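Construct the entire structure; sequences and hints are all you get.
As given, the protein sequences belong to chains B and G, one line each in that order. Residues 1 to 294 (the UniProt record's numbering) make up the first sequence, in order. Residues 1 to 306 (the UniProt record's numbering) make up the second sequence, in order.
Treat the hints with care, as some may be off.
What the hints assert, rightly or not - Here are some, though not all, of the chain G residues that point toward chain B, as calculated from beta-carbon distances under 7 Å:
1. Val40
2. Pro53
3. Leu263
As the list claims (entries may be wrong) - Covered stretches of chain B, going by a simulated chain G footprint (3 or more residues, C-beta under 8 Å):
4. 17-31
5. 116-122
In case anyone wonders, no lab produced these hints; they're calculated from the structure. Source: prediction; values computed, not measured. Note that the Cβ used here is the ideal one computed from N, Cα and C, for glycine as well.
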Amino acid sequence: MKRFSFSSFMLVVGLLFIYLPMLILVIYSFNESKLVTVWGGWSIKWYVGLLDNTQLMGSVARSLEIACYTAVAAVALGTLAAFVLTRISQFKGRTLFGGLVTAPLVMPEVITGLSLLLLFVAMAQMIGWPQERGIVTIWIAHTTFCAAYVAVVVSARLRELDLSIEEAAMDLGARPWKVFFLITIPMIAPSLAAGGMMSFALSLDDLVLASFVSGPGSTTLPMEVFSAVRLGVKPEINAVASLILLAVSLVTFLVWYFSRRAEERRKKAIQQAIEEAAADGWKQPDVRRAPAPV
Amino acid sequence: MNMKKFKRRLHRIIPSGKQVVIGIPFLWLFMFFMLPFFIVLKISFAEADVAIPPYTEIYTYIEQKLEVVLNLANYSLLAGDELYIAAYLGSLKMAFFSTALCLLIGYPMAYAIASARKEMQTVLVLLIMMPTWTAILIRVYAWMGILSNNGLLNGFLMSMGLINEPLQILNTNIAVYIGVVYSYLPFMILPLYANLVKHDQSLLEAASDLGSSTFNSFWKITVPLSKNGIIAGCMLVFIPVVGEFVIPELLGGPETLMIGKVLWQEFFNNRDWPVASALAVVMLAILIVPIILFNRSQAKEMEGKV
Numbered sequence: 001m002k003r004f005s006f007s008s009f010m011l012v013v014g015l016l017f018i019y020l021p022m023l024i025l026v027i028y029s030f031n032e033s034k035l036v037t038v039w040g041g042w043s044i045k046w047y048v049g050l051l052d053n054t055q056l057m058g059s060v061a062r063s064l065e066i067a068c069y070t071a072v073a074a075v076a077l078g079t080l081a082a083f084v085l086t087r088i089s090q091f092k093g094r095t096l097f098g099g100l101v102t103a104p105l106v107m108p109e110v111i112t113g114l115s116l117l118l119l120f121v122a123m124a125q126m127i128g129w130p131q132e133r134g135i136v137t138i139w140i141a142h143t144t145f146c147a148a149y150v151a152v153v154v155s156a157r158l159r160e161l162d163l164s165i166e167e168a169a170m171d172l173g174a175r176p177w178k179v180f181f182l183i184t185i186p187m188i189a190p191s192l193a194a195g196g197m198m199s200f201a202l203s204l205d206d207l208v209l210a211s212f213v214s215g216p217g218s219t220t221l222p223m224e225v226f227s228a229v230r231l232g233v234k235p236e237i238n239a240v241a242s243l244i245l246l247a248v249s250l251v252t253f254l255v256w257y258f259s260r261r262a263e264e265r266r267k268k269a270i271q272q273a274i275e276e277a278a279a280d281g282w283k284q285p286d287v288r289r290a291p292a293p294v
Numbered sequence: 001m002n003m004k005k006f007k008r009r010l011h012r013i014i015p016s017g018k019q020v021v022i023g024i025p026f027l028w029l030f031m032f033f034m035l036p037f038f039i040v041l042k043i044s045f046a047e048a049d050v051a052i053p054p055y056t057e058i059y060t061y062i063e064q065k066l067e068v069v070l071n072l073a074n075y076s077l078l079a080g081d082e083l084y085i086a087a088y089l090g091s092l093k094m095a096f097f098s099t100a101l102c103l104l105i106g107y108p109m110a111y112a113i114a115s116a117r118k119e120m121q122t123v124l125v126l127l128i129m130m131p132t133w134t135a136i137l138i139r140v141y142a143w144m145g146i147l148s149n150n151g152l153l154n155g156f157l158m159s160m161g162l163i164n165e166p167l168q169i170l171n172t173n174i175a176v177y178i179g180v181v182y183s184y185l186p187f188m189i190l191p192l193y194a195n196l197v198k199h200d201q202s203l204l205e206a207a208s209d210l211g212s213s214t215f216n217s218f219w220k221i222t223v224p225l226s227k228n229g230i231i232a233g234c235m236l237v238f239i240p241v242v243g244e245f246v247i248p249e250l251l252g253g254p255e256t257l258m259i260g261k262v263l264w265q266e267f268f269n270n271r272d273w274p275v276a277s278a279l280a281v282v283m284l285a286i287l288i289v290p291i292i293l294f295n296r297s298q299a300k301e302m303e304g305k306v
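Here it is, written out as structure tokens:
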């Protein structure tokens, strides 16, 4: 069919458009020449030079620390939000709640950043906290917008889940929190991992929010890179950027690998359960589709 | 007081499990997402001041008289100064055309992914998703090296003999368009794909059995069915681009007037917090309709109603 070839062509062109600039960036980070546009042979001197840059290394450590805290908090908060949205169909303010969960996905960062900073300033005046802005305020800002991403990922998974498993556990007398931790959490674990890694990457990347809510002495890696990039293209920045790209690709690959493995294991377990059921002479064509007991 | 009574009282004070589950995310989002907007609104009515923090209080309470002074000067400044109006219009224009471009490029790509083999789909989605996790900063930076006067693109075109002197692309609006489409394309493709992959192929088969041409059935069946995906994708591009700061700052030039950049300059360079707040309030007022549209389509998606 003609349309098929056209769309496949667009896909290939689009992927080239997305990846070629990044590939060029990585190649040029190994450029021997100080002039970024002239190729002077292969070299890793820019990478070695990075290690001596203590200011940069400090900001890397700070960014990683914030990203870790953000991943943990965003997964907890986002999962709760997703659970509320998919499982509790009616409560006061549900529409508002839904809006609050999804709006951070699209809200321009300059608005979120400015408003959070003004909140922190007002809080410092009123209750004396936070005295100085730094890691904690950046963590709060990142958690708020990463939780929205986690909520989207986790709610997609929660919707697919077979409710009858949770219902069965409840019928057998398990308390709701026990059902949640022993049944629901293990079943949505891959999406929790995906959401966590996504939050980690998003937090590591954020420039605008961090610029607004950070204080003196708490520059993160993107802020450091930004102030250097403003002055033009430099080989050291090529090296930093390549390292960030490498880290993110690694995280993405891990997400893909683990979610695929979890999926395969789940399929195998279902297959096994069906076979065992059949061997017992207990006729049930598909365990997953069994009607919930009324 | 016996134990039973005490327990019952305790139950009345301590919120139930359900209330806690709803309450934690609700309170967090209210505190750190919604409440801040009201503070922005408040400060947009204040006056800039040489103090810490650099604005005046809008209410005073002296001798049992509460006085609230709403200073409208910031808003009349925005309405009267052509620079700000041009910046708003520039942002909206940039957002509109880049959304259209993303849709034109992204729709065929999402369609191709949705019609690929199942194992292939996961890999392709991952390939599209990966850049969204990478800093916009780095992806934009990569283009700076390509588009500059002595950059790769100009070098390539000159060596091919197509042009004699380098084209000025970096620091123009063209560079901003390239950067925006490049950075936001995945956000268009992902919701479109999520929608297209759920379509029932038998509808298209039925249409073709009844003699409909491929294009006709695409236009009359696939496109209307993917309405929610199109809305979500367009909003995911349009709304953030209106407030975009990094791309116009790094790729744009003096002709690039965008509101995110202006807000940043008012805040960081001029330290005029009230004007920056007023700019944010007006931007939010412009974006409130698209945001509600997005939230609706997202709520439908989350509840599983398509």
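Hints versus structure:
1. Checking Val40 of chain G against chain B by beta carbon gives a least distance of about 5 Å; that is within 7 Å, so the hint holds.
2. Of the supplied interface hints, the one on Pro53 of chain G holds, with its beta-carbon coming within about 5 Å of a beta-carbon of chain B, less than 7 Å.
3. With a cut of 7 Å, the hint placing Leu263 of chain G at the interface with chain B holds, because the nearest CB-to-CB distance is about 5 Å.
4. Remark: the segment 17-31 of chain B is confirmed as covered by chain G, as 8 of its residues place a Cβ nearer than 8 Å to a Cβ of that chain, reaching the required three.
5. A count of 5 residues in the segment 116-122 of chain B with a Cβ less than 8 Å from any Cβ of chain G is obtained; the coverage claim is therefore met, three being the minimum.
The structure is consistent with each of the numbered hints, conforming to all of them.
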